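A.B. asks: Now for the letters of each chain:
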Amino acid sequence: VKVLVVDDEEDVRFVARLSLGRVGGMNVIEAASGEEALALARSDRPDCILLDMMMPGMDGAATFRVLQAMPETASIPIIFITAKSMTAELQRLVELGARAVIIKPFNPMTLANEITAILSL
Amino acid sequence: MSLIPDPGSERGRLEALRRYQIFELDRFFDLSLDLLCIAGVDGYFKRLNPAFETLLGYKRDELLRRPFFDFVHPEDREATIAELVNVRRGKKAIRFANRYLCKDGSVKWLSWTASPATSEGLIYATAHDITRAKESEEALRLSEARTRSIIDNLLGGLVTTDHAARIESVNPAAERMFGYPAASLIGQSIGILFAEAFVSDRLRREALGHVTEWRAFRSNGESFVCELSVCEFDGGDRARHFAAHMLDISEREEVERLKRDFVATVSHELRTPLTSIHGSLGLLASGVMGELNDEAARVVSVAERNSIRLVSLINEILEFEKLDEGKPALDLRPVAMQLVFDRSIETVAAFAAQEGVPIDVQPCASIVTGDEKRLAQVLVNLLSNAVKYSSRGGAVTVSAARADGFVEIRVRDRGAGIPAQAQKRIFQRFHRIDSGDGHKKAGTGLGLAISRAIVQQHGGEIGVESEPGEGSTFWFRVPVVLPAGLPAVLPVILPVVDGTAAENPA
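Taken in order, these protein sequences are the chains called A and B. Quick note: the first sequence uses this note's numbering, first residue 1, plus one each step. Quick note: the second sequence uses this note's numbering, first residue 1, plus one each step.
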């Protein structure tokens, strides 16, 4: 399974890479911004995108909309990852058409399993 | 008051009769407590009864020697002259009031009735001492003015209504708060201030004797949060009257909102760095990064445990902020309390065992309306507190009882107890119970505040009974839906492993 991790925080990407790669045995690619994510999604065709909501510039919501609009990436499942758990924020994600959301901080030992479970739904 | 000449037949008998009649009148004259006098148009008393001496303290000849105006209070002389002019013209004076100066410097209020005998140049007058009535009238006026001044200067709005919620009075603060002049509100239903037709019944039901919050409207249509309490009073007419005290708390609400937003923002921001810390430590502790030596493993485990604690603190704060806004919808359904008991005991069992505090559970067959997970959260909180504040070997007892359509759950510990003044505050957020033995207890100080919010969302109540040295009993009650004793079919009991719902007692 190839997962694209999109987060502007390098440390978070590093932990996610270890959690998914070392613990979960997944193939991990990283993007530090929405723009980078769009390019990688098109060129590398991941099986899943783990997308951070709060990013400078093109944020998670904007990135999501473009990925959904582009024919090459429209079918890639996207899982949001966010630090915000307010009702309003979750509601916003639902309205956006999010399939699943993981609230930070995630458990590094179970992250891969959670993603597998979401993908199999 | 004149003697009637009686042209009789026998002179001596008549003379005797006349003398007797004069004697009789003199007796009345001397006996009267009211002042009786005959005065001349020259401004002097001609004749006075002894009541003058008694009341004013002057000797008779002092009174007769000086013009009677000397005895009238200087401020009343002008009015007295005007009244006398009228009497001289033949008009009777009835209950004319003025003040007389007494010999000892005091002042007496007199109420006069006088009629002229113009042909003789005399005035016949009686006067009654009304000093006491005048004084109480004045005292009443002062007390009225004082009360009025307090009401007019209150910072809170005060609106009174009759039994039918029609406005009877409005103080200046209420005029300013609502933007209406008092005159335009008097006679209207109090509902005009809340844009709600049936508000008066609700006001009476909910705000009588309680401080409550309402959405109110100003005359320009602007709405604001109004803190309101109602009291009933006797208007002296045997009818029920109500007084509503109101405060515009929109500013306070705004500050509260900003504070909540701030706490929420900070808490969310903390999660991002925690993701890296918690994740890194988790990976290290799991051994996937390679085996650690014993000491290193211990160091990592300390750091990991505390990062978990930090995460649950933040989760708890955020959850409380949500509850505070009444946000999370409860998943209300009939819940077997037995399930809630089992769930909760299971969650705290390990912690209780570690602390050496046995939990004694009495069976409960009641069914309530509620959110099973949330009710378990409350019970877990009460149980872990009870364990936390018990000493080793001190048992915790859980029991349930039904009363008045409610099921009451009681959690009793044999800890140090909570002093009375602290009992009132422990359900407030960030309040920590002082264990009394100098031991710091872990927790956010939010557990009981969260529990209270959850119980209140269920339409229930939560409280504590405690005697220092005797332990504490925390209780909460939630409404029942099904009558007890029904053979309820209980759903399958699933073990609960839910770290977020349960307070982490570590």
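It should be emphasised that the hints constitute simulated quantities derived from the structure, not laboratory data. From a predicted model like this one, the values you see are computed outputs, not experimental measurements. It cannot be assumed that every hint is accurate.
To give an idea of the chain A side of the interface with chain B (calculated C-beta under 8 Å), a few residues [as the list claims (entries may be wrong)]:
#1 19
#2 59
#3 106
What follows is a list of derived Cβ distance ranges for each label pair [unchecked claim]:
#4 A:66 x B:290: 37 to 43 Å
#5 A:10 x B:155: 52 to 58 Å
#6 B:290 x A:74: 37 to 43 Å
#7 B:346 x A:100: 24 to 30 Å
#8 B:258 x A:119: 39 to 45 Å
#9 A:94 x B:201: 48 to 54 Å
#10 B:258 x A:92: 39 to 45 Å
#11 B:291 x A:66: 25 to 31 Å
#12 B:292 x A:100: 43 to 49 Å
#13 A:119 x B:421: 20 to 26 Å
The C-beta atom is built at its ideal place from N, Cα and C for all residues, glycine as well.
A.B. asks: When the hints from earlier in the document are held up against this structure, which numbers fail?
C.D. replies: Hints 2, 9, 10, 11, 12 and 13 are the ones this structure does not satisfy, whereas the remaining hints hold.
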